[in-house]
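Both chains come to you apart, so use the hints to assemble them.
These protein sequence lines map, in sequence, to chains A and B. If you're matching positions, the first sequence starts at 54 in the numbering used here and goes up one per residue. If you're matching positions, the second sequence starts at 12 in the numbering used here and goes up one per residue.
No lab work stands behind these hints: they were computed from the structure. For every residue, glycine included, the Cβ atom is placed at its ideal position computed from N, Cα and C. Each hint should be verified, as a subset may be incorrect.
Label pairs and their calculated CB-CB ranges [said to hold, decoys possible]:
{"no.": "1", "chain 1": "A", "residue 1": "Phe437", "chain 2": "B", "residue 2": "Val977", "range": "51 to 59 Å"}
{"no.": "2", "chain 1": "A", "residue 1": "Ala207", "chain 2": "B", "residue 2": "Lys107", "range": "37 to 45 Å"}
{"no.": "3", "chain 1": "B", "residue 1": "Gly976", "chain 2": "A", "residue 2": "Gln397", "range": "45 to 53 Å"}
{"no.": "4", "chain 1": "A", "residue 1": "Cys378", "chain 2": "B", "residue 2": "Lys684", "range": "32 to 40 Å"}
{"no.": "5", "chain 1": "B", "residue 1": "Lys107", "chain 2": "A", "residue 2": "Lys220", "range": "32 to 40 Å"}
If you want the building blocks of each chain, they are given just below.
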Amino acid sequence: MDQTATVSSASSAQQRVLAREPLVLNKRSYAWISNRICGIVENRQPLLWWILFIPSVTLFIAMVCCFAYLVSTGVGVWGQRQPVDWAWDITNFVFWIGIGHAGTLISAILFLTRQKWRTAVNRASEAMTLFAVMCAGLFPGFHVGRVWMAWFLAPVPQANAIWQNFKSPLLWDVFAVSTYFTVSVIFWYLGLVPDLATLRDRCVGGIKKTLYGAFALGWRGGNRQWSHYEMAYLLLAALSTPLVLSVHSVVSFDFATSVVPGWHTTIFPPYFVAGAIFGGFAMVLTLMLPARSIYGLHDLITEKHIDNMCKIILLTGTIVGYAYCMEFFIAYYSGSPYEWQCFQMRVVYGPSVWYYVCMFTFNVISPQIFWFKKARKNLFWVMFVCMCVNAGMWYERYVIIVTSLERIFMPGAWRKFHSTWVDNVTFIGTFGFFLMNFLLFLRFLPVIAIAEVKGVLPESNPHYNPHGENGIDEIAMDAAKAAAAPAPTAIA
Amino acid sequence: MKRIWQHPAEPTTGKRHWRSLGEYAKTPEFEEKLGREFDPALNNVGDEERESSRREFVKLMGGAAALAGLTLTSCRRPLQKVMPFTKHVEWIIPGKPLLYATAMPGARDASPMVVVTHEGRPTHLQGNPLHPSGAGLSAFAQASIIDLYNPDRAQRPADRGHEHTWAEYQESLNEQIGDWNSSKGEGLALLLNPSTSPTRAGLLADFAKTYPKSKVYEYEPLHRDGYNEAVKTLLGDGVNVVPQMAKADRVFALDCDFVGLDAPYEAAAKEFMGRRAPSKASDVMNRLYVVENRYTLTGGISDHRMPLAAALIPVAAAYLAQEVGKLTGNAALSDAAKGLADSADDKLRAWITPAAKDLVDNKGKSLVLAGSRYGAAVHALVFGINQAIGAFGTTLETLKVEPKKSAGWVDFAADLKAKKIKHVVVMTETDPAYDGREIFETIKTMENGPVVTHLTMRPNHTTRYSKWALPMAHYLETWDDVRSASGVYSIVQPMIQPLFLGVSVNELLLAFLGRKKFTAPAEETKDAKPAAAPAAAGAAPAAVAAAPAAPAEPEPDAAWVAVKDTFSKVAGGWSEEKWDVTLRDGFLAGSSLPKASVSVNVGAIAGLVAKAPKPVVPTAKAMEVVLTPSSSVYDGRYVDNPWLQEAPDPITKISWDNTAWLNPTTFAELGLKEEGDLIIVSVDPSHELKVAAIPAPGHARNSVSIALGYGQTSFNVVGNDRGFNAYHLGDATAKFVFSEATVQKAGGNYELANSQESNLMEGRALAREGTKDRFDKDTAFAQKEGMDSHIPPNIPLYQGQVGKKSPSNPSGFDYEGHHQWGLAIDLGKCIGCTACTVACQSENTIPVVGKDQVRRGRIMQWIRMDRYFATSGDITDRGQAALDELDNPEVVHQPVACQQCESAPCETVCPVNATVHTEEGINAMAYNRCIGTRYCNNNCPYTARRFNWFDYNKRNPLINTTVLGVEVRNLYAGPLGEENQDQTRRLQRNPNVTVRMRGVMEKCTYCIQRLEAAKITQRRVAGNDPAKLRIPADSVQTACQASCPTEAIMFGDLANNDATIVKWKASPRNYDVLKYIGTRPRTSYLARIRNVNPAMPDDRVVKTGEATIHGV
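Chain B on its own, in the form it takes in the complex (with noise of 0.2 Å):
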């Protein structure tokens, strides 16, 4: 059809335009020409051919018909909507990250970390290498930034379940604070788990002066109050003790997960997994005695470990006290464990006396730590030990804190029985209707009893006895300040405006003081939907040399006034460029807490030991049961993050769920078939769980550990109703340890989700170790085990090699000027905290399918940690022999991930070649183009692949759909299930990785978006310059690696010598997994080494295990 052009009527009145002469004249020439949409002078075609004819339209039709048909355009093409910024924000360049330093605040230090962020919204969390204790992140650090994301955070401030503004919290708390300052706060409470912020406590101070009445209550139910008072009794007051795990050549570790979940500072698992991994024989390493009741971390990568009811540990102590005593001739001290250490069984003081000798023998670089959760005579004598091996000064350091002026839990209790407390206000990230729920039952009973008041990140049980319910700023979206355990200052910076209207504790405290007004201006973001917003105006980009001056705003942040008043006290005065500095590197540098020069009060150690509990050795009748933190949920807290309840239990790889760790023997005796057949725990009449059992090798014999956090009716899917509720055992932030239990069987399985099935190596030589003995004798061990020694050499595939034909380069493919990308994971510093694992989550969008593929196999993860136990014996036999083998064995854990290998089975086995190889040597995935036939993770030695079986980014796995009026599981209800769930978490993906779609295989490419991404601003540095094309050595790090809290990851380019990762694979621990296949992988691990003590009695265990995974 032929287009007329519509021109606009020409005015009839006013001034005339023309274009030509011939417009102005009105030929008809022209206005034919007019009419056209091109002038047909610009073609040759005449008029009646392009007229459309009817074959030509018959031609055309039939074309596009058979096009569409054949290429099936219309068939899945996503629809995807980009919305630009209709006016640019500053330094923001889309695609491109922005990073910032900032810190997570914890209870008695910080995580320093750097943010990513894109297009205003923080993406992944990672350690910050410059700051003075910083590197890596634990997992419960580095998967924080999904609950910024949550989709069910409380959102508007509520009462009584009725929401309202904040202008209108405003005005109800204008009566407050009215009744308040008449009152002088008669029966204000605050509730508060401890923090390490200098603002607060000034915060505090300050409510303290204007509701002098008031009272300021701090909390945790993982408390340390025994290790409290033993600081208290022994050293005195505002004394802060840091143990320096750097400067430890001995260690023994009562019960105290240092590594892991009792980490006593930031840095504990870096410095002393440093000591770990030695390159030569001369180098020396330290040596680490553990005595727990339960598999830990720290138990994994001991040297020495003896499985020991957690009631007995205070006798461990006392032995331990009584020994170095004598060895030390400390006559107080061994007088003072005597009473306790009487109870010592034969078995324990063989084991102790020689490691007790050790201690002493390397005085000055011993230490001895001891659980944080135990009471104030096992500290007490841990101090005394301490102080008799001459720690103090060298391996612990004591600095001086302000004392600390706030009730606990107990006083909190007595209170509010006693009626005390006529309003609390609840700010913690705990739930203390949870994991304090009897204490805050009495409420429910009381007549008149207090209001409550909840500050909260997602409504939990204590937002059911609030008045208020008022929804808290993660800590990602708001300004406050830390200190490290060290006392290195920090602040907090936003990272994002708050997402749901969320208010700090801080900015909480500061209405209450009448600083801070929640007005209008807040309420305008009221209906703005929860999306990125740009970074908070203020904040410093870490990448930019020079910071932007502060905000210009009219009202400035009145939290963002108070830690600017902060910082100007602890810096020394108020300096613009040190606080642009510090915004920048994440840290005040040179900020400290001063040292504190104690003398321990020895004297008084006797009085605390009296004091104890007298041990009661369980037995099969009685049987103890233990409430441990959980690797996942911790205490609780974390209960609705999804990648938490995730990543499997680096012990028993269990996700979703918490399970009661038993010894095998007591799960045979107790008549338990299967993991996850059903136990009663009662620890009296009133206190009983029903909750599933797994055998624990390792574990202590008639003692039940039971993980707290779980259990909990969660407003959350991800955190409702998971596992048990171990806080129903009774009051857990009195003891965590209670005795003459009975456990039986109850009768029935709980499906549990494990995420591993087998626990042995099979005399596989796939995580190799060793003891320092034999490392000192050949240093190469590693390399001759399994059937390496019989194979010829791996020869590198791009090296030497270049554009020639050869066996080790079969396409004769030019690698020369290329980068080679390997990494190496260190087996001798690594943990197994699984922190890469969420890391990788994070970076690379890794999906969450739910407990229910879990237990399918199908878990998503790309970097998964293995878990292997060794034994000194046979243990395929099923007889008790087998089983009192597991009552010790050892624990080795190995990340696996893609190992990149240089001959991939996987690439030749694609029909479609979606899988190949770049020519830096990365296994490289398009995503595109793979159909999804999976034949080449069947042929992957190391299963490294994982398969999109269900479209687990678009549909939510965790919930359940009513089809035909069933109910089934989201996933499968396919088409006819829930769509788009999720819609605030997509906002953490990272733009520049590919969201991968049902039936896709996916996996590791060591972070190829990062490298890409290093190459493009690489180019731009070299110009014109080839030469300069290669990015500085070390400049780029893997997801993962950066991450991991002890550094065991390397990754860099093996084609620079100048690369760290080039030194790590020249060590002679390095070594390949299944080398034998001759897959050529590019990843590669470093040996374990153990360094054990020939005197101790496990010695023979030790050895022999070490044999026993590797030979057959």
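If we strip away everything but chain A, and leave its shape as in the complex, we get (with noise of 0.2 Å):
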């Protein structure tokens, strides 16, 4: 079902304008998108849905007996010993704040940008995030000795009468990761005021009903309040857009500010906020792929879709392999022997290396293959390379935290990391617990955001001409024409 326009005819190819590939396939109508969306809601979920559901709920109890056994017995549980203090548990702290950043990516800056065809994945994509940061913000919450004093980073008062250390990076990291969660939150709730509206009204009563209702804060869809909701939105959006770039720098401070070698790097903010990013996609298309072929959503995202999330995903892919080698020759150029030595057992001859190689291969090496169109068509490939990412930035981190600890200033206290079996099911277990909010999303919420979906068709343009060839940028058709006479012909 190939849609790309073409243009044809050779002798007036001067004048033509290339058709743009329309967002919505098949010229599907309002009615069709609302029922499509709307239906996955209100009829019964298939059989793949409690398959996936019941595992991650499993899994997700798992991860809460972990963390009970977490605090009842002591940190050390997990593996972490002297010098690697912080092992898997920031790692995967800044895993899974990294995958919450490209929903807001997409629904901020994209917004902000006027990238439409944003709308198909902007919905599942905050929602993501959303989870994504729960997931992450219960390491740092729970790997701290004593979690019941973890108030103590809150600047209120209390006895001891001291006040927090606003030196300390992660003091900052609280603020940073505590905004940008009430922030994607707010964004979320408000882009799904007009859809919970519209689920509202096609319910035929009871709690549902109350319940979307309630939610809906009272969206009648009238003028005056489309127009406050626009403005609110793009208030959003242009205070979300910092807080991306914003997190996880601030993350990356974590390290960037100790004197650890190896954490101890300038180019830690924009190389991190590419990677999260970069991994941030990579998690979009592993999440939206299967729900877009068990929902039938094919016409919503498209191949387009798809290829545009390639192309960043390449784009993104290629700035972290840059950052790994710059990384690399600064430690060399630095002339501090720690540093560089660092860096060789990071690569040559350290305790860890496999996990270099997991994360070089995994992250530059991986996604070289979306300069071919054809792989980035080819569904496999693209769910392929985004696994690979997906463990690749985790390789990543890992590197970076553990490696470095390893290998810190005095040999005398050098010693391999281990993870121990709770280790393993804790962060096994926050794949359940995101699967399980992703899936109960899914479930509860309209994946796609209807009323957003209907502004991009093509019937939505005020110069919408419904005589003219099919899913053409009427815009930029009529522009066309009013260089040149005669009309184009596109084939489709």
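Shown next, in the form of structure tokens:
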């Protein structure tokens, strides 16, 4: 079903404009869109949903048990040891928080830059963001030795009369992540309001209608409401945009401001942000490709969307690759034997060389396949690369955090890290938590922003000409027409 | 609710008392007033308002509930009960320590010490600086305090496992004494460890008089029979030879670990290392040559070292004797040595010849020492050499002592087999059924074998053979006396009533002599729980000038009387004043042994050498096995000591186990891959041992060293089943080098707890050293190593920057008038013995974490001993060339604790301000504030912080518990695990140090509790004079400093120019570790200097070794 528009007439090629690929295929109507998306919520879930949901809940329960064990017994149930005081915990934290970046990037930055293709994936990726940040938040929350004293991080007066240390990047982290999470929730919820109203209106009655109604905040779809809504959305998008950049920059400060060789690097903020977007997009695809095929959303999430996201993965993956190389070069160029040895041991003869090999292969080499359009079109390869990137980004954080600490300044203190079963189960458990949340989201909320997708249909364009060619940008067509008569012919 | 005050009913008869006329008149106003707790006139609130309205109630309840919920008031508030003294005890002020002087008895010497007691509990031991040979304590002595509180100590007299009272034992003893009296002690044997106690010697003499047919046997597993024989043959009976390390310019040690486990006298390490810390080019250093089969601490500090199989040590001695004989024209000596010396190979000759010349060139200032366990031939040769190089009278002192009358282990074994012994009383620190297993096992096979009475601190293997097992008192619980190696007399005074009703050897001897009766009064305390008891009456505090009078008990302690009698004899008559001063200072001033003038009977050397067994060169097929003392448990007697078990071995860094040490090449040749791979060592068909092997750089090839003392089935969880019992390889008391042993790979791996994974410094200039030559050319060479010469100088933070903001004082804080603490560690003096580690553990209540946690890298010791090997070539390549480099690398030790950085990376990253700087330059920890993010330790370049991964202080890490039918390690059982273990060991804790809970970071704080105590004292001294608020220079010591046997640690006030630390910091050898990061540490190191002999063949290795550590 190749929908690419091509220009066939050679004689008038110069006057012709390449037709844009439509964002919604097969000339789907408003009603079809509403029915299809609301149908996911309103109909019974397919068997596959249950097949995924039950193990997810099981893993989630395992995670809760692991955290309970951790808190009741001590952080020692994890594998950390001198001098590796952070290992899987902070690796997982950075990993999840990175995943949480794509959502807000898609919904905010792409919104501000008028990338209309975002509408098909923004809702799901925002939801993914929230769930990923929830997973991320668990780790710094529970990794501390005395969880019950974690409120010391909050600037509230208490008996010791000791104030927080605002010099500490960990405290910046607390504020950055909580701000990011709060803004993301509000942004996501604001976007949901019109769709919640749609669901409310489609409900026959009962508790569902009441609940959707309550959360729809009395949305009626009037012009004034739309006008305020659009402005609020725009403002929130503007507010979220710097957060996308700031959160992971601040997370990277946890490392960059320290003196540890392998951490003490100025390249970290951009490198971390690029990595986060990279990993985030991979995760969006990982989630959306199965959802697209299960719920029959091919017309809404088209190959163009996938293609775009693959291109972003290629770009950010290459930036990350550049960062790896530059980091290595600077370690050498710095003249500091500690830095240089740290990197040599990461790559050549340290105890965790394999982690570096995995990281580099998965993150830098595997996305290079996206230079080829065929690969971007082949869902198997797309999924394969996304899986590589998902794993590779975890390895990246492990390499940064653990291998640096394993080979810190004094060789007398060196020790290799080994994880324990609690480390493993906790981490796998967060996937359960994440998937469980996502599946519940699929079950109860519209996975695609109905109102927004309708907005990108050709019919939504005030200048829409129902007799024009299918799927062609009418405004561009008009402009082209104005420039040169006779109308170009596009063949589907 | 209104509270009605219930007044007692008024008496209806007798006198009537009234408070006011109103009461007298019983007016209603007064009655009403009386009913109230408080007079309403006192506040202006009307009655109606005082009534609790519903609104008021809800308000208060709501607020209370909210507060309760918000602040979690009921959550995790630790429950602690404080029991005050009902009667105040003299001198005791809660929280303030009392110091008493005493000494720990040794086999041939004593460790003079000061005991810190808190509310009657001894909590910490440290060296007695007043004592002529005193400074610091060995790790063994330091850790002995925790043995006092061992909950698994023997607690009651037991007759074949049935517990009795002491009075019941006395009844049994009375019968025995009757028997002994009638038989004049026929068949009665006492088995003792050697001791220097004059009181014990006197009691044994009395014993021999009372029971003339009884016999006394003295033994120790690591005996020196060969040495004694050589002394007797060459020098005569009753001579004590004491080396004078302070006078020796050249020392040649033949497998003699004289700074470590084979110290000839208490202060050997201090005196020797004292001359290895030059401060300027003209300073003279001593020089040390070492030949040994494995790395020892002495090998580590040596200037030239050669690994040589232990079986060939006699050859080395002989060749050295031959060379020295030749050079000094002493034909008798070289002739005597010739037979053995001929088997020396070229490498050995080339190495020894220049060394021998060096010794002879420094005639009168040289000294040769041999391992005390070698045979008479080696010692005879060594005495001959020492005679030839003029050591006697200069570097070797001879003292006159009473000739030993007691028999030894060999006689005991013979008499036992001959059934001459009917009753043996074992009164040893060691465990003869463990270390002399084969001898003791014969008792089992005998019909009508001897009855065993066993006086012991802990139930052990001998207890299983015993009819009577009696609890022995710790030396901190009893009266005794000791002499140092040079004869300085000290009194051992009790610090506490015996916790577990133990009695000392002296007391039991007194009971045997009928001079002490175990009677009812002792029984009164039978049911008393082991708890803090006030210091025994009569003990004199060192801090109080006027000692108190002797105790006025109705019946004085027999042991005390006996010690006083001995004291009268030693001091030349009784003097109350002298007694008090001796107790206070810890030694009798002016006491010493008389000097003996000896002449070495050189002619006898040849005879002894001829008797020596022929040396066997070990080969891959027929290796040699050397049984060595253990740095943790010595000969097995300290196996139940958790601190010693956890303190890593200084060379292998293994805790909680012993291992078979193999040369890395031999290790590879046996097909072994990982450390801990098992091997089977068999010395003959009936003696073999499966043991975990470890590649030990610097070990002689085809030689296996196994430390003794492990593999015990103890009754105590600490010592039970740790490591491998090397006594199984044969009678270790007979010999310690087994030649022609076969060693094979056994398959399988044994998990070892190695506290240091990396052996190399990786070209990082951490522990710096140089040769004397290099130092003479450029005394400040150490300050230019690594990247230090490329970076701007570290400006001391708080000097000359008073109150002004500057790059070095960014806060602009006014530091004037405060102490500025600093510490320096002289690597030139440090021998790596880990006494500081144990001292810190004792002072700062540092928990033991157990083998499993050590294996996971979670050892809690605040001061760790890094050990690095340095080679001259590259060893990253895995080939044979790399292994060859490990044949004889250098060893450097570096103690690392918190460096108290002025610009501390840990402080900036703590989100909750739990680690902050004091104005005195200490990086302080607020444990209550710490939430355990562990960021500080990640950012600590020195990895000096320790995290409480579990509740180590609360839950016993050494045991397993069963949770839901599954056996798990107690720490991992969390709230389902056992709590409140080791109640008695808690008594040792320093009350001035917070006990840290899980989830909290901790680290060295320069013993801040000691600093605060000193400051409080000084404040009282200063009164209103602020100028005197600064404590006097060098008046406060950290625990590590006070314990260091070689005085390698100096602590003090950097802002006080009189302080010794200021001089140390001004030394050209002084440098900061990782200066390049700009942390400005307050702890610095003084580089080690090796005094290399350029004529030696390994001169090149020593020098290039130095380049490799620091170059790259």
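Review point. At the C-beta level, are A:Cys378 and B:Lys684 separated by a distance inside 32 to 40 Å?
Key: holds, 36 Å
Check your understanding: So does B:Gly976 sit 45 to 53 Å from A:Gln397, Cβ to Cβ?
Key -> holds, 49 Å
Review point. Could one say that the CB atoms of B:Lys107 and A:Lys220 fall in the range 32 to 40 Å?
Key: holds, 38 Å
**Study point:** C-beta pair A:Phe437, B:Val977: status relative to the range 51 to 59 Å that was hinted
**Key:** violated, 41 Å
Check your understanding: Does the Cβ pair A:Ala207, B:Lys107 satisfy 37 to 45 Å?
Key -> holds, 40 Å
Taken one by one, the earlier hints fail for this structure only at number 1.
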